[in-house]
Amino acid sequence: MKVAIFSESLWPLGEGGAELATYLYARLLTKLGVKIRVYVRRGGARWEGLEVVELGGAGTRKFHAPPLGARRALEWCDVAYFASAYWELVPLAKRMGKRTVVHIHSYDPACPVGTLFNTPAGSVCRPEMRRCWGCIYLQERSLGRPFWRAVASQVLNGLSSPLFTKAVRSTDALVFVSEAQRRLFAEHFGDMPKSHVVYNPAPPLPHLPPGGRAVGYFGGLSPWKGVYVLLRAWARLGGRARLYMTRASALRNRPPGVVVLGDLTPGELEEVHKAVSVVAVPSLWWEPFGYAALEGLVRGRIVVASDVGGLPEVVGGAPGARLVPPGDVEALAEALEWALGVDVAELGVRNREYALRKFDGVRLAERLLKVLEG
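Under our numbering, think of the first position of the sequence shown as 1, with each following residue one higher.
No lab work stands behind these hints: they were computed from the structure.
Please note that a few of the clues may not be correct.
Unchecked claim - DSS-like cross-link-like pairs, simulated, lysine-lysine; straight-line CA separation at most 27 Å: (1) K98 to K35; (2) K370 to K274; (3) K94 to K370; (4) K2 to K35; (5) K94 to K35.
The model shown is predicted, which means the values in this text are computed figures rather than measured ones.
Model the full structure from these sequences, guided by the hints.
Right under this line is the structure:
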């Protein structure tokens, strides 16, 4: 079977969970005997053992005109697997008689900003709360984009959302990364009889004995990641340990003990993981999955995460993990204090064993293959 994978990029050029999962599944499916060709918008460099083609196309990340090579790409394959990009090609693939599978890693197209987080309300978005234009504007401005671009984004999202929704509804199968993601998506999207849940595979990372008592946070400064809840909780601990924060170089007025870092390479991220004994994932939005939490478990770290979205499905059964109500500063501070005081050597090993067993890549790839085969 020939499967064409359409993705924005591939890890490590794309650092999001979608790009990492797509990279891992491309390799795992290849090992299962599937002929894989990955088409990306950017970064068509050769990955050892993978055929990656830069398909390109005109437009922005979300509003793309179909590239000239799209028909040729679809002619090659038996199955068109849309991992995180090129949804505009779904109707063409259907007309060409190809089986189409869309893998939903965020909340697109149910939410134009992909989070289903109501920014003005500071909580998960419910159907009766939808104020998409306001959320689009606030997100664009929070990213430092000019007023005209924020307004243009509002208009383009409003016009294109029905088209993306129609394309996704016409696909042969939808794949979600957690049961929680599918439930929330269904609240906004309606009935989805052709949907499946396939967890993301654990990355093949080594166990790292921790270098000291410290906490790592890898979510950046997006408010829905819970960064400001974490900082308030950290202030209550009185600087008794260090808190390493990546993708946070713009942070000001940080409490004692906070080490601010920018965007890091995979090697630099590994050095941060070596320095910490605890990984914090204090999300306010419904994380579809939570690769930061899973990577913490695989590395042998204690994990403190919000009891929201897909995070309970990732860490809920881990012996060295604690879930706290999202946005609860006191509960988060207590959980971090607990995590800094436990035996990370023993619990870390058990966390790793749990994660590698539950998120075994070969087993999950076999499940995804059944969806692709139909």
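Going through the hints against the structure:
1. Of the supplied pair hints, the one linking K98 and K35 holds, its CA atoms being roughly 15 Å apart against a limit of 27 Å.
2. Straight-line distance between C-alpha atoms of K370 and K274 comes to about 38 Å, which puts the hinted pair past the 27 Å bound.
3. A C-alpha spacing of about 19 Å is found between K94 and K370, which places the hinted pair at or below 27 Å, so the restraint holds.
4. Only pairs whose Cα atoms come within 27 Å are accepted, and K2 paired with K35 is accepted, the gap being roughly 5 Å.
5. For the hint linking K94 to K35, the alpha-carbon distance of about 20 Å falls within 27 Å, and the restraint holds.
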